[in-house]
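Protein chains: 2
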Amino acid sequence: NKNVAAEVIGAVDYIICDIDGVLRLNNVLIPGTSETIKKLRNKGKRIVFATNNTATRNEILVQLNELGFDSNIYEIMTSSFAAALYFKKLNLPGKTYIMGENSIFEEFKNLGVATFGAGWKKPADLQDIIDSVVDEEVNAVIIGYDFYANYAKFVTACTYAKKCNNLWATNCDKTFAPPKTGSFPVVVPGTGAFVSFVETATELKAKFLGKPTTFFFECLKLLEPNLDQNRTLMIGDSLKTDIAFGNQNSFRYTCLVETGTDCCDDILNTNDPILVPSHYIRRLSDLNKYL
Amino acid sequence: NKNVAAEVIGAVDYIICDIDGVLRLNNVLIPGTSETIKKLRNKGKRIVFATNNTATRNEILVQLNELGFDSNIYEIMTSSFAAALYFKKLNLPGKTYIMGENSIFEEFKNLGVATFGAGWKKPADLQDIIDSVVDEEVNAVIIGYDFYANYAKFVTACTYAKKCNNLWATNCDKTFAPPKTGSFPVVVPGTGAFVSFVETATELKAKFLGKPTTFFFECLKLLEPNLDQNRTLMIGDSLKTDIAFGNQNSFRYTCLVETGTDCCDDILNTNDPILVPSHYIRRLSDLNKYL
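Residue numbers (this note's numbering), protein chains in the order written: chain A, 2 to 292; chain B, 2 to 292.
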């Protein structure tokens, strides 16, 4: 209600806001959300859009502005930019093999971190693949969502991960929110499924970088050094990703919106306190009348 | 030694023999093994070559005969033929989606079990994939090794597996034996890695059909109805696959050869009695002098 909304908004300087399922759904604006963001900005709140999406920040920026969010690049944190920031900080010798889309390569390149793996030629056969995996200088492997995944990439990722015993992933999301289409739901596998493939073949455990990890929080802090968890609100549609991120990193408030993956019933069905938000609202734009 | 060899060989009518790592390595004959098989046949032993390889029986037959094994189709059991036999027996209504190589489709077709999934066109984008997953009549999904795996196949496999809650795999091998090449070992992922991808995205557990499962033993029994475990010897190079298969299915004898995946030290390093063979020899052809 109005008092609670006023209290929470009054008590925070930072609002970390997920994108998919909160601001938009399948790239379509969820009505009223751009107005909410505008009103929050007008109240002096610092907004950061934080997504496990592996698109580049520039791509996300263009998409958000097309939907009327009037954003800028400094408001956007993605799991691939976080990975690039984190590897920049690690400053490993050698280079990192990336299995993922071009956006991940681009973020690493923008920060000057040496990687390879993009644009590989199609192999003729297994021996062709085996003969190509020879680089002694690999220091780590990063797995991200890869629409163009193929067996050659999997062999390469597994071999280098095993060789350097250093396996990372941009995020752990097992699927995307199922598109509403046809007579049964389509399962759209996410980065977590690619990671399972590599973990099984290598018997390694990947370190994840996106929400809900503390790595991702450290990356947020690199972007926003003054962020004070005691004066921060996390808004998201996924308990395991967004709410867990807020709780695990000691944000004062976490708020679930029901326009994406999870709903109020999912809160009632969990026994894990890390997944329970401090507040929930039907949709982000429900805040508009209190702002 | 000679007495032990004579005792074991004398006590069995059936010898179930793995192929890769026992008879050949990377498609090259392990010297002397064709002579061993010939000598065992001359002693009246019934040989069955049992492999988790998903090639067709005909393909395996041609390969074995090129290496001098003078085999016939009735001696060969593969995980894809086993899957086809098993599904023939299940006699499910509708049809089965297969993610795997053409050999798996062929074995199912040979037995008249309805499947689909082969030779799909390359999708333009994710929406194209989503729009293609519409078949109401799917009864099961089978995952096998797939050199030509791509994201469209994974989405399809995951969606249908979730829809019909019926996920199978030809075998659970996580990798192939690493090829000896270059300065570090190449990891060649097997069916088990593909299965992990689908299990993670669907939150289902696959039922496996190859060695060491009892399903595979039931398939062997379909091929060899008179097989008596009390008079059977299993020979293989993998503790988890071959030796476990023999032990779990109460074969009187199991024998490890050290020409493939595992060696004597691996026996000493396990605490699981199901993985411990009753006997072991350096190489299959060490038997030649006792036959």
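Just to be clear, a hint being listed does not mean it is correct.
Repeated chains share a single entry, so a pair holds when one copy, or any two copies, can fit it.
Stated by the list, open to error - 25 Å max Cα-Cα, derived PhoX-like pairs, lysine-lysine:
(1) Lys206 - Lys175
(2) Lys208 - Lys175
(3) Lys39 - Lys89
By construction, these hints were calculated from the structure, which means they are not laboratory data.
This one's a predicted model, so the numbers in the text were calculated from it and none came from an experiment.
* Asked: Which hint numbers does the structure go against, in order from smallest to largest?
  -> 3
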